[in-house]
Each structure stands twice: as structure tokens, then as C-alpha cells.
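Asks: Here's the letter readout for the chains.
Number of protein chains: 4
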Amino acid sequence: MSCVATFAIFPLKQSGEDSLAPYVARALQIVKDSGVPYQLGPMGTALEGDYVEIMDVIRQCHDELRKDCDRVYLTVAIDSKAGEGGRIQQKVSHVGELLK
Amino acid sequence: MSCVATFAIFPLKQSGEDSLAPYVARALQIVKDSGVPYQLGPMGTALEGDYVEIMDVIRQCHDELRKDCDRVYLTVAIDSKAGEGGRIQQKVSHVGELLK
Amino acid sequence: MSCVATFAIFPLKQSGEDSLAPYVARALQIVKDSGVPYQLGPMGTALEGDYVEIMDVIRQCHDELRKDCDRVYLTVAIDSKAGEGGRIQQKVSHVGELLK
Amino acid sequence: MSCVATFAIFPLKQSGEDSLAPYVARALQIVKDSGVPYQLGPMGTALEGDYVEIMDVIRQCHDELRKDCDRVYLTVAIDSKAGEGGRIQQKVSHVGELLK
Numbered sequence: 001m002s003c004v005a006t007f008a009i010f011p012l013k014q015s016g017e018d019s020l021a022p023y024v025a026r027a028l029q030i031v032k033d034s035g036v037p038y039q040l041g042p043m044g045t046a047l048e049g050d051y052v053e054i055m056d057v058i059r060q061c062h063d064e065l066r067k068d069c070d071r072v073y074l075t076v077a078i079d080s081k082a083g084e085g086g087r088i089q090q091k092v093s094h095v096g097e098l099l100k
Numbered sequence: 001m002s003c004v005a006t007f008a009i010f011p012l013k014q015s016g017e018d019s020l021a022p023y024v025a026r027a028l029q030i031v032k033d034s035g036v037p038y039q040l041g042p043m044g045t046a047l048e049g050d051y052v053e054i055m056d057v058i059r060q061c062h063d064e065l066r067k068d069c070d071r072v073y074l075t076v077a078i079d080s081k082a083g084e085g086g087r088i089q090q091k092v093s094h095v096g097e098l099l100k
Numbered sequence: 001m002s003c004v005a006t007f008a009i010f011p012l013k014q015s016g017e018d019s020l021a022p023y024v025a026r027a028l029q030i031v032k033d034s035g036v037p038y039q040l041g042p043m044g045t046a047l048e049g050d051y052v053e054i055m056d057v058i059r060q061c062h063d064e065l066r067k068d069c070d071r072v073y074l075t076v077a078i079d080s081k082a083g084e085g086g087r088i089q090q091k092v093s094h095v096g097e098l099l100k
Numbered sequence: 001m002s003c004v005a006t007f008a009i010f011p012l013k014q015s016g017e018d019s020l021a022p023y024v025a026r027a028l029q030i031v032k033d034s035g036v037p038y039q040l041g042p043m044g045t046a047l048e049g050d051y052v053e054i055m056d057v058i059r060q061c062h063d064e065l066r067k068d069c070d071r072v073y074l075t076v077a078i079d080s081k082a083g084e085g086g087r088i089q090q091k092v093s094h095v096g097e098l099l100k
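For the protein sequence lines, the chains are A, B, C and D, in the order given.
Residues 1 to 100 in this note's numbering are what the first sequence lists, from first letter to last.
Residues 1 to 100 in this note's numbering are what the second sequence lists, from first letter to last.
Residues 1 to 100 in this note's numbering are what the third sequence lists, from first letter to last.
Residues 1 to 100 in this note's numbering are what the fourth sequence lists, from first letter to last.
It is possible that some hints are incorrect.
[Unchecked claim] For lysine to any residue, the following SDA-like pairs were computed, each having C-alpha atoms within a straight-line distance of at most 20 Å:
(1) 32/B x 96/C
(2) 67/D x 99/A
(3) 81/B x 1/B
(4) 13/C x 83/D
(5) 32/A x 98/D
(6) 13/A x 85/B
(7) 13/A x 10/C
(8) 81/A x 38/A
(9) 81/C x 56/C
(10) 13/D x 56/C
(11) 32/A x 56/A
(12) 81/D x 38/D
(13) 67/B x 50/A
[Unchecked claim] Derived, one-sided and incomplete: chain B residues facing chain A with beta-carbon distance under 8 Å:
(14) 55
(15) 62
(16) 66
(17) 70
(18) 73
(19) 77
(20) 80
Simulated from the structure, these hints should not be mistaken for laboratory data.
We treat Cβ as the ideally placed atom computed from N, Cα and C, and that holds for glycine.
Generate the whole structure from the sequences, applying the supplied hints.
Replies: What follows is the structure in C-alpha cells.
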């Protein structure tokens with residue numbers, strides 16, 4: 001099984017902070033430390049792994065932000081497919097090859 | 001903690017099935033059996049509970065569809081907030097009261 | 001063509017406001033005034049219509065919140081299908097009939 | 001105003017096609033031809049521009065796929081902010097600088 005997921009997480013009530021970047025950085029540190037393949041994008045972070053593995057990383061990000069944020073918003077999209085991994089790169093390269 | 005989530009799940013390669021409703025019904029049966037408060041909508045199902053509880057229900061829905069679907073797409077949005085539950089109804093009624 | 005959409009919109013920097021409900025109510029007023037079939041849910045509002053019609057309603061909601069919100073977050077999911085309308089109710093009732 | 005959006009679009013009933021990549025490539029060609037800054041990711045394509053501009057590109061992608069797909073699913077998330085553009089790169093680099 002290969003699950004490719006993308007998630008975005010941010011506080012809905014930040015206290016004074018003008019930018020969301022510090023919150024995203026805290027979540028990304030957890031992703032990085034987890035060892036799963038990932039790719040940071042402008043609107044979310046893509047991960048690849050099995051379902052339980054990537055959902056566990058996302059739960060840790062949620063718990064980290066909830067430490068000091070009363071309200072957190074999280075979106076996740078998952079493409080879960082039978083077969084081998086390595087799709088985080090393949091999905092992009094397959095499309096690229098088909099472009100004129 | 002109260003997490004209100006909405007999720008949508010469906011196969012990306014269905015075999016012959018013309019409608020997605022049978023797949024959604026299988027997921028909804030799991031939600032119903034879980035005992036968490038829920039609300040079925042036209043584009044997704046809303047759940048309320050603590051983070052681990054609702055994510056576990058969603059994982060069961062994923063595993064159920066992956067039994068016979070090679071590829072499944074899942075989206076989840078979560079509003080996770082300190083404080084008491086009962087928000088699945090309150091969120092709708094608060095907005096209703098503010099409408100002219 | 002029938003498009004059933006669900007959307008959620010809220011400010012990322014609210015000034016003092018403790019609840020998001022006043023913002024959601026402003027968007028919902030626009031939806032209501034538009035005359036398109038809609039259904040308010042705990043995590044978003046569902047709409048039905050043709051693509052251009054519902055996207056125009058959502059744009060008006062965006063423009064309304066941006067009047068006094070420096071930063072607004074919007075998510076939309078659309079299920080766009082050939083054939084007749086009335087799906088905002090049908091999608092829910094079809095699933096309900098399949099449940100034990 | 002700078003809107004950074006990410007969108008994913010795919011058919012819900014593909015006829016025989018085993019991969020979604022050809023559909024994504026058709027949408028991406030439209031994005032590329034539009035001239036808006038974009039970034040292809042494993043789970044969606046990020047765009048930057050003003051609200052009307054990027055929503056028009058996404059509508060063209062929808063119309064292209066609906067030419068031969070009876071049912072299309074589309075998700076969009078938009079971060080709409082007062083101020084200057086160039087955020088499609090900045091959002092990623094700001095987070096990167098904050099990582100250990």
C-alpha cells in the first residue's frame with residue numbers, strides 16, 4: 001500500500017503572531033523527524049507512507065499545535081493505492097512527461 | 001477537547017458501479033456503529049469526538065473500502081477546539097441565529 | 001449539468017472576535033440571497049447549481065469577508081456531473097436507503 | 001491582493017484509463033498556458049494570482065475535463081491576503097528558514 005497525503009494545519013486564533021510560518025515550521029519539524037518522505041508546498045505538506053504511519057505523523061503535528069493554540073484547523077487529503085511506494089515523485093514526473 | 005470533522009471517501013477506480021452511494025453507505029454504517037455523533041451531508045459526513053476517536057472511525061472507513069477498491073480518495077477537515085462538545089449542532093445554530 | 005459543492009470560509013486573522021460564526025453568517029446571507037439551493041452544515045455549506053453560478057456565489061462570499069479581513073481561507077469541493085439537478089437531497093437519501 | 005491556491009481535479013468515472021495522470025496533464029497544460037505562476041505537487045497544483053484570475057484558470061480546467069468525463073471531482077483551497085504577490089515561493093522559504 002502507498003498512501004500519498006497532503007495536509008495543512010494552522011491555528012484559528014493566534015495570539016499576536018502575524019505570520020503562520022512559525023506554526024507550520026513546528027509541524028514540519030515533526031514531519032522531518034519522522035523520517036517519512038515529504039515535500040513542503042505553498043499550501044500544504046505532502047507525505048508518503050502507509051495509512052497508519054502518515055496519520056500518526058499528522059496527529060503529532062495536531063497535538064504539537066494544540067499545546068498553545070486553543071483552536072486548530074487541519075485539512076488532509078489522501079490518495080491510497082495498492083502497490084509500491086515512491087509515488088510522491090512519480091505522480092509529478094508522470095504528469096510532466098505528458099505535457100507538451 | 002472537541003473535534004468536529006467532516007470527511008468524504010470514495011474509490012477512484014470503481015468497477016462497473018455507476019453510483020458512489022453504495023461505498024458511502026458502507027462507510028456510513030461504520031460511523032453509525034461507532035456511536036459518535038454524526039451528520040450525513042451531500043458532500044461529506046460530519047463527526048464529533050476527540051481527535052483519536054474520530055480519526056479511528058475514519059481509518060476503519062478507509063480500511064473497509066480498500067478491501068475491494070484498489071484506489072481510494074479521502075479528504076478530512078478538522079476543527080479542533082478546547083472546551084466542551086455538542087458543537088456539531090451548535091456551530092449550525094449559532095450561525096442561524098445571526099441570519100436576518 | 002449539476003454541480004454540488006461544499007465550501008468553508010473564514011478569516012485567518014480576526015481582530016478580537018472570539019467566534020467565527022459572525023463571518024460564516026455574513027457568507028450564508030449571500031448564499032441565501034442568491035436563491036441557489038443550499039444546506040448549512042457544521043463544517044461547511046453545500047450549494048447546488050451550475051458551475052459558474054455556484055462559483056459566483058462563493059466569490060461574493062470571499063469579497064464580503066475580504067472587506068474587513070486581511071487574510072481569508074477558503075476551501076471548496078465540487079462534484080460536477082452530467083444530468084439533472086436535485087442532487088443536494090438525493091445524494092443523502094440514496095445513501096440513507098442503503099443503510100441497514 | 002495575493003491569492004495562493006491549490007487545486008486537484010480528476011474524473012470520478014474514467015473509462016478504462018488506469019492512471020489519472022493524462023487528466024491531470026490536460027489541466028496542467030491549461031495552467032501553463034495561462035501564464036500564472038504555478039507549482040505542480042503530488043496531490044495538487046498551486047497557483048498564484050488575484051482571485052478572479054486563478055478561479056478562471058480552474059474553471060477552464062473543469063470545462064476541459066467535463067468534455068469527455070461525465071463526472072469530475074474538484075477541490076480548491078485558497079489563502080487570500082492583502083499585500084503583494086510572490087508568496088508561492090515565500091510561503092515555503094519562510095518555513096524553511098525557521099527549521100532547525
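Asks: Check each numbered hint from earlier against the structure, then list the numbers of those it violates in ascending order.
Replies: Of the numbered hints, just 10 does not hold.
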